[in-house]
Amino acid sequence: MTDPVSQSLQRYADRGVFRGFRALPGARGRVEYQFFWLLRRPMRAHYDARRGVLAFPALFPGVEPGMSAELKGLVAGRAARDQPAHKRLDARRARLASAVRKGDWSLMVTIRGANHDCAVRGALNLINELFLALHQSYPEYLVQHFGLSTE
Amino acid sequence: MTKRATRNLDQSRRNFLRKAVAGATAAAALTGRGAEAAAQTAAQLAPSAVAPIRVPAEFAAATAAPPVSFGFPMTGAQVFARACKEEGVAALFACPGNYGIVHALAASGIPAYGGRHEGSMAHAADAFIRVTGEIAVASGTEGPGFTDMICAIACANAARTPLLIVASNMSIAMEDTEAAIQLAYQQPTTEGMKKYGKRLIVPRRVHEYTATAFRQLKSGVPKPVHLDFPAEVASARFKDASELEFFHDKARYRTDSRPHPSAKDIGTAVDLIRKAERPIIVSSNGVFYARAWDALKRLAEKAQIPVVESGAMKGQFSDASPLSANAAPAALASADLVILVGQHCMPTVGEFAFGPDAKYIRIDQAHEDLGRNLPIDLGLVSCERAALEALADAVPAMKHDAWLAEVAAARKRFEDQNAEYYKTGLGYTDAVHPAVIAKELGDFLYRGNLPREQTTVASGGYGIARFVRRELRAFRPGQIMNGAYQYGAIGPDLGYAVGVAAAVQLGVGPQAAYRGHPIICITGDAGFGYTAMEIDTMAKYKLPVVAIVYNNNAWGTWTGAQSEPKALPIHLFQENLRYDKLAESLGGYGEYVTKAADFTPALARAYQVAAREGKPAVINCQGRKEFWDRAKYPPGMIGKIEPGLMSYYH
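Going line by line, the protein sequences match chains A and B. Residue numbering for the first sequence is -16 to 134, as defined by our numbering. Residue numbering for the second sequence is 252 to 901, as defined by our numbering.
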């Protein structure tokens, strides 16, 4: 794949951050991604170049309401001015949004202009921190849905 | 006293008791209190006539007995013991068995501790090493004594502990016969759990293999070494050195030389550090065993690089430093350069909190391990101390003010979260919440009357650990022994406490300045059950352990079985068990705490008893299993972020 989002994601695979990275053509011109990263469950994403949207559908399946609100707060905080500069994702470059559908929590990044690398980096760093929040406060959820050890 | 006289005395005592009980019963009946009161009175009377728990005089005699310097003629066991003594083996933990070896080690003057279970004693040896950096020996008898140690060997292997395991093992002459009892093939049993192992089969090579054992224990990345001794080897007799192979001084069979980093690698590392905006150092086991804490401090302070710890022990970098990131988990994901030093047990991607853009430098002695699990940007083969010294010399003085401010903010957020947990915990009045134990233990150890660097901690438990780890701090090397590290065994905690307390009692290595002080052991009721009999060991050796037992009537795993009525009892104990009484019955001191307000006073009393009398104490903290249920009792069971205070996986 030659689009800038695929290339950006491929670089993480090349560095060994992702394992088993695959980028395949999907429906309606989208690119579908599958890879292993933070836990043993495969992660899925797709990029719609026409709309400039990189989505991580059902990133967290079967979320509880309290957990969902906490995750949403972390997403919203990413654009806040009190974030350190290296963590802040300027809405003029990329806009983050989350949604819950049938209990599954998804993350979307709408990329503005040629800020693909910045958007991918921002999204991945955010996802890492979302997982950390779950590790800290909802370990049993990760046991149930991501195969984390109960020990 | 003759047998007859003894019998008469017994009869006389029995008669006295019988009369006393009968009298009390009659008196109670007369006063109308009934049989229950009479029984109670009898029970009160009876103990006064029972001999008190006491430590046999032989313990004091053993302490007073002079050590033996072995010289020819020697047995194989004595050859081994002599080499151990010359290598500076700092302690022996054992149960009876493997007699020739154990007796020779003890006779040589190596401090010897005998316990109630070989597994506990091997855990004790592991813990001793983890807080001193010195070699200790664990011994068990052939067959069951040896296999009792397996969990401990596995724990030590996962924790990369240089533990010397020895066990007797039948005789070569009767190999494979099942003559008598206790035949076991030991070396295959420890496969995958050791750095080196050998069944010694040629008596005249006993010194040669002992040398090999120490060469393995004292080089590279440590792990357990296992020697099994058939009777022919332990009891062989040697008239002089000519009857032994390779019998020479340790200076000739091993070296203290260590690999040093290449100038090119140091240059590349300095370049990466200079370009980084948010570098962080992960300090682990290798820094401790290389005694590299001064070099670590020099590098961190010169280049203003925060340090976070992981590993089987903590304290190589003081939590008093503003550069400590142990209690700043929210900052870890921001690091753009991670310098892993002596992190022998490597996490896979995602197990440490660092973000996807972080670069990694890994410093380790094991060339063959660099690049495993976590892809590296620079692998630096070196002794940890040599590398840190070289980096501290080569790196320019740097400032990372914005990064340090982010770490400080994350630390404050973490402390605020702890305070919130504590406040929530205090609100639960029908039992003691773990957040209360955690916070008030931290207050007692670090913010009260004790010097904060004084108390060494054996950190164990399962659910309770998730709260207590957040409050434990280390201000000097060897202050925290991270019990569950990597192998995650629940249960060794009281065994670990024996080893930690012995290390402090003897003042070995970094414990020298804190010699004789009480130690703290954290455990749960599940863990306590495995090794509680070692309270006897603590009492007889006057090891002042204050064991805090979080008693929630259940294994921490019960929440996963809530919807499994047939399976749920597997996870449960009897409720309100009196572990404090058990401690008292074994010669220790007991406290039973059922309300939050009573915890700190009980801790203070237990600590005083431990300090004053050299006595173990158990504080039985009555919790409730439902505290792990977030819906009913927020915050419920909490998790962890690694590396840092909470880490025990890697």
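By construction, these hints were calculated from the structure, which means they are not laboratory data. What you are looking at is a predicted structure, and each value in this text was computed from that prediction instead of being measured. Glycine residues also receive a C-beta, built at the ideal position from the N, C-alpha and C atoms. A couple of the hints might just be wrong.
To give an idea of the interface, some chain B residues facing chain A are shown, with a C-beta separation under 8 Å as derived from the structure [claimed, not checked]:
no.	residue
1	Ala357
2	Ala358
3	Ala363
4	Asp545
5	Ser585
6	Leu629
7	Gly739
8	Arg766
9	Ile892
Evaluated hints:
A distance limit of 8 Å between C-beta atoms decides the matter here; for alanine 357(B) the minimum to chain A is near 37 Å, and the interface restraint is violated. Contact between alanine 358(B) and chain A, as hinted, is not supported at the beta carbon level, the nearest pair being about 42 Å apart and thus beyond 8 Å. Interface restraint check for alanine 363(B): the shortest CB-CB distance to chain A comes to about 34 Å, outside 8 Å, so the restraint is violated. Taking 8 Å as the C-beta cut-off, the interface hint given for aspartate 545(B) is violated, the closest approach to chain A being about 32 Å.
A least Cβ separation of about 6 Å between serine 585(B) and chain A falls short of the 8 Å threshold, and the interface hint therefore holds. Residue-level restraint check for leucine 629(B) is violated (minimum Cβ-Cβ distance to chain A is 13 Å; threshold 8 Å). Taking 8 Å as the C-beta contact cut-off toward chain A, the hint placing glycine 739(B) at the interface holds, the least distance being around 5 Å. Below 8 Å, beta-carbon pairs count as interface contacts, and arginine 766(B) has none with chain A, the closest being about 35 Å; its hint is therefore violated.
At about 5 Å, the closest approach between the beta carbon of isoleucine 892(B) and any beta carbon in chain A falls short of 8 Å, and the interface hint on this residue holds.
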